[in-house]
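2 protein chains.
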Amino acid sequence: MYRKIDHHILKKLGEIAGQENVISDQEKITDYSHDESSSRDIAHPPEVVVKPGRAEEVAAVLELASHERIPVTPRGGATGLCGGCVPVYGGIVLSLERMNRIIELDRDNQMAVVEPGVTLGEFNRAVEEAGLSFPPHPGDESAQIGGLIATNAGGSRAVKYGVIRNYVRGLEVVLPQGEIIRLGGKLMKTSTGYSLLQLLIGSEGTLGVITRAVIQLLPALPVTRSLVIPFADIGAAIETVPLLLGRKITPLAVEFIEAEVIRITEEFLRKRWPSRAGETYLLVILDASSEEEMDLLSEAVAEVCLGKGGIDVFIADTPKKQDEVLEIRSKIYEAIKSQTVEILDICIPRAEIAGHVRRVREISKKRAIWLPTFGHAADGNVHTHIMKARCAEGKMIPVPDEEWRAKVDLVRDELYADCRARGGVISGEHGIGLVKKPFLSLVLDDVQIRLMKEIKKLFDPHLILNPGKIFDS
Amino acid sequence: MYRKIDHHILKKLGEIAGQENVISDQEKITDYSHDESSSRDIAHPPEVVVKPGRAEEVAAVLELASHERIPVTPRGGATGLCGGCVPVYGGIVLSLERMNRIIELDRDNQMAVVEPGVTLGEFNRAVEEAGLSFPPHPGDESAQIGGLIATNAGGSRAVKYGVIRNYVRGLEVVLPQGEIIRLGGKLMKTSTGYSLLQLLIGSEGTLGVITRAVIQLLPALPVTRSLVIPFADIGAAIETVPLLLGRKITPLAVEFIEAEVIRITEEFLRKRWPSRAGETYLLVILDASSEEEMDLLSEAVAEVCLGKGGIDVFIADTPKKQDEVLEIRSKIYEAIKSQTVEILDICIPRAEIAGHVRRVREISKKRAIWLPTFGHAADGNVHTHIMKARCAEGKMIPVPDEEWRAKVDLVRDELYADCRARGGVISGEHGIGLVKKPFLSLVLDDVQIRLMKEIKKLFDPHLILNPGKIFDS
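Those protein sequences? They're chains A and B, same order as listed. My numbering puts the first residue of the first sequence at 1, with every later residue one more than the last. My numbering puts the first residue of the second sequence at 1, with every later residue one more than the last.
Simulated from the structure, these hints should not be mistaken for laboratory data. Hints are not guaranteed to be accurate.
[Stated by the list, open to error] Far from chain B, some chain A residues (derived; all Cβ distances over 10 angstroms):
no.: 1; residue: 153
no.: 2; residue: 182
no.: 3; residue: 313
no.: 4; residue: 425
[Claimed, not checked] Computed list of lysine-lysine pairs in DSS-like fashion (alpha-carbon distance at most 27 angstroms, straight line):
no.: 5; chain 1: A; residue 1: 248; chain 2: B; residue 2: 320
no.: 6; chain 1: A; residue 1: 248; chain 2: B; residue 2: 321
no.: 7; chain 1: A; residue 1: 320; chain 2: B; residue 2: 248
no.: 8; chain 1: A; residue 1: 457; chain 2: B; residue 2: 453
no.: 9; chain 1: B; residue 1: 331; chain 2: B; residue 2: 395
no.: 10; chain 1: B; residue 1: 457; chain 2: A; residue 2: 457
no.: 11; chain 1: A; residue 1: 4; chain 2: A; residue 2: 28
Backbone N, C-alpha and C define an ideal beta-carbon position, used for all residues, glycine too.
Sequences are here, hints too, so could you generate the full structure?
Printed below as a string of structure tokens:
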């Protein structure tokens with residue numbers, strides 16, 4: 001179906017992007033065969049990696065690929081967890097890493113103009129230096145802006161500040177046949193035709209390649225504070241969320257985390273979490289306009305949590321203490337990745353989380369499989385990890401292959417059935433990619449999937465752009 | 001091209017929706033031939049009005065219409081300003097007025113589930129009674145939820161709380177061939193396939209008919225306050241906005257309004273605006289979590305405004321005073337509508353507003369035409385009114401037809417050229433509809449319009465749903 005890369009194509013790619021930016025050395029190419037998914041089963045090497053420097057080069061690569069029927073897989077920071085940037089059909093990996101300029105930080109309009117290869121870490125630093133903030137906090141700092149937009153990344157702060165989609169105001173996109181379009185701009189509002197911009201956001205690099213983005217910023221958050229509250233019971237911990245919201249408290253983030261993964265991560269990082277009590281922690285992050293307001297807010301949160309069974313309240317009120325807590329939270333996946341088979345990304349109505357987590361516990365017990373679960377308690381996004389180890393005394397103890405392998409499909413099916421029954425979706429923020437593709441039809445009906453496939457064909461008639469992702473087109 | 005309505009079709013429509021909900025009486029039908037656009041030139045009567053009561057009835061009407069090639073124009077509150085619900089090809093007007101139930105106000109999830117015919121006024125009252133808020137404030141209270149979503153309505157509060165798009169979490173939509181799809185849900189996050197939900201929002205009833213919506217709510221805004229600041233110079237008034245933002249003040253809304261339209265509206269409503277000084281007013285609406293915070297915020301706003309040439313600061317701090325100010329602001333269009341030829345809805349980067357308004361003044365002077373301009377100073381959305389009267393001493397004095405008619409196209413062209421040069425779009429919140437259709441290609445390139453037309457054909461192969469809107473498909 002697809003044409004293989006030969007010397008003729010390599011030469012043309014070199015003419016487009018410069019020979020030094022066309023990599024076909026087998027060893028170097030291996031790095032481009034996977035993302036951060038724990039499963040190496042899904043890895044697949046490209047035939048060539050191209051690193052364009054400008055939108056016009058991206059356009060020329062895509063025009064050539066469409067003409068010659070060569071698959072092209074765009075790649076950002078490759079921090080994804082479902083194989084979205086794995087070149088399953090070989091062909092070209094189009095790495096945006098060289099297009100990494102912050103073109104403009106426009107204070108008057110509170111907008112940034114960036115290339116897709118800027119990392120989240122660099123972006124956040126530049127934004128902070130400009131006295132502004134980019135509220136979403138979608139995890140890994142080495143993620144790149146293009147990928148964050150392509151997956152409509154979320155993060156823990158969606159409860160108060162929404163997901164990436166809410167911040168993207170403009171995009172320059174190269175379409176699969178090489179046309180460059182510019183959507184939106186430094187605009188807070190638009191009702192000017194169908195929103196191709198919104199359609200592109202979250203399309204996982206299957207409809208076009210993002211080569212520039214205009215991103216809305218906000219004023220810097222004056223005061224933030226993190227509270228860690230241990231609970232004996234995970235259900236009670238999660239059930240504090242509607243109580244907080246009912247008291248008109250909208251935290252920046254509310255994370256729930258089971259104690260055992262905290263212990264493993266403490267060990268992994270050689271850092272200390274502020275509490276050893278309880279079985280589950282709530283991590284409540286607050287923002288406020290002044291220290292006084294923050295004190296009132298913290299007291300109100302503490303009162304609600306203690307009233308609902310919280311054992312204690314630890315306050316991280318200095319940047320150092322906050323960083324420690326947030327670092328442990330953000331490194332859990334790294335700490336347990338070696339024993340993780342699959343990380344789920346279920347999103348359900350937030351009032352359903354306690355019930356869903358109870359179901360996770362039941363399934364874990366019934367199937368005798370470790371299913372550590374943590375996530376965003378206030379926005380309904382739950383990350384259950386299907387593990388190939390058991391946990392004992394803060395250590396991960398591998399389980400024989402044949403034992404866990406037999407259980408993975410059963411457990412996933414049961415969890416997705418519960419997700420579906422609660423009106424949820426199988427991805428809140430990671431995307432579908434390759435790993436979740438077989439399960440898309442569990443939550444979307446045939447009509448919707450048919451419309452998506454038809455839209456795909458409109459944009460990409462030769463099906464060369466990131467083929468094999470989201471659905472089989 | 002389209003089939004005319006005959007007795008056979010009328011009978012079938014009666015079987016679907018009930019005879020009493022199928023209206024073909026010529027007199028009654030006239031009400032359904034226009035929206036709130038000042039121009040009656042664009043009015044066109046339908047052949048029949050159908051008022052379905054359930055999604056299944058909507059589906060049956062659309063299936064019949066697709067099969068028989070009958071145009072169907074969905075209609076909400078008809079408060080639009082660009083003819084979006086005018087049945088230009090006759091056929092069926094599908095009025096959603098009977099589907100007006102608030103199905104659920106879910107406090108734990110902070111979500112409302114509503115039918116499309118609920119008015120904004122009813123919705124806001126129900127939401128407030130539940131102790132919650134729906135922050136966008138897109139103008140006319142008789143607008144209906146379905147229409148607000150179909151146009152991606154904005155309003156004055158977009159600067160702080162975003163537009164309708166940010167609040168729609170789920171939709172039930174009937175597609176043109178009668179299929180019912182359910183998108184999203186009570187979900188804060190989703191990255192599960194292309195966002196058909198976002199594509200439908202703002203598609204002006206051309207891709208599907210919304211029969212149910214899930215809408216995100218927020219906790220009630222604790223304290224709000226409105227400040228009215230007169231300025232001698234409109235440029236200085238608008239230029240306070242970046243200064244406010246630079247001091248980390250994000251108002252709920254910042255409106256700029258020229259004094260002469262305030263005088264006319266005072267007269268029209270027989271109400272008093274709090275100030276008679278100056279040529280332009282800034283109306284700054286603030287929200288805060290406490291009276292103390294509000295006092296600090298108001299002082300900071302006053303300081304910035306007075307430093308930039310504000311003549312005085314009037315504070316509307318009681319609900320009664322606030323309502324008076326907001327009522328005058330919201331009724332300006334009604335007060336000047338009889339002499340308005342066309343209302344523009346340009347949206348540009350907010351830092352460009354002062355320059356654009358200066359250009360409006362130049363054009364007004366050069367062409368000797370009255371162009372009152374007001375709008376949302378902090379989100380870049382400017383409503384310039386092309387008038388067929390001149391203004392003298394707070395009165396509108398009609399100008400002879402031949403005089404203004406010769407100028408309208410020239411003035412619009414010049415204003416759109418300025419919009420385009422500043423990276424703007426021709427609709428920030430009203431939509432394109434019929435009135436702005438000829439100008440879409442000024443701001444969108446051929447590739448984008450082609451993609452939109454192709455998407456339209458995917459959803460609606462027989463082109464029966466709201467034909468003739470946005471573009472000629």
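How the hints compare with the structure:
1. With 10 angstroms as the threshold on Cβ separation, the claim that residue 153 of chain A sits away from chain B is violated: the shortest Cβ distance comes to roughly 8 angstroms.
2. Its closest Cβ contact with chain B, about 8 angstroms, brings residue 182 of chain A to no more than 10 angstroms, contrary to its assignment away from the interface.
3. With a closest Cβ-Cβ approach of about 21 angstroms to chain B, residue 313 of chain A is found to remain outside the 10 angstroms limit, as its non-interface label requires.
4. Distance check on residue 425 of chain A: its Cβ comes as close as 4 angstroms (rounded) to a Cβ of chain B, failing to clear the 10 angstroms threshold; non-interface status is violated.
5. The suggested pairing of residue 248 of chain A with residue 320 of chain B holds, with an alpha-carbon distance near 24 angstroms, which does not exceed 27 angstroms.
6. For the hint linking residue 248 of chain A to residue 321 of chain B, the alpha-carbon distance of about 26 angstroms falls within 27 angstroms, and the restraint holds.
7. The straight-line distance between the Cα atoms of residue 320 of chain A and residue 248 of chain B is roughly 24 angstroms, inside the 27 angstroms bound, and the hint therefore holds.
8. Using a Cα cut-off of 27 angstroms, the hinted pair residue 457 of chain A and residue 453 of chain B holds, with the two alpha carbons roughly 14 angstroms apart.
9. This hinted pair checks out: residue 331 of chain B and residue 395 of chain B have alpha carbons roughly 16 angstroms apart, not beyond 27 angstroms.
10. The suggested pairing of residue 457 of chain B with residue 457 of chain A holds, with an alpha-carbon distance near 13 angstroms, which does not exceed 27 angstroms.
11. Taking the CA atoms of residue 4 of chain A and residue 28 of chain A, the gap is about 19 angstroms. The hint holds against a cut of 27 angstroms.
When each numbered hint is compared with the structure, violations occur for hints 1, 2, 4.
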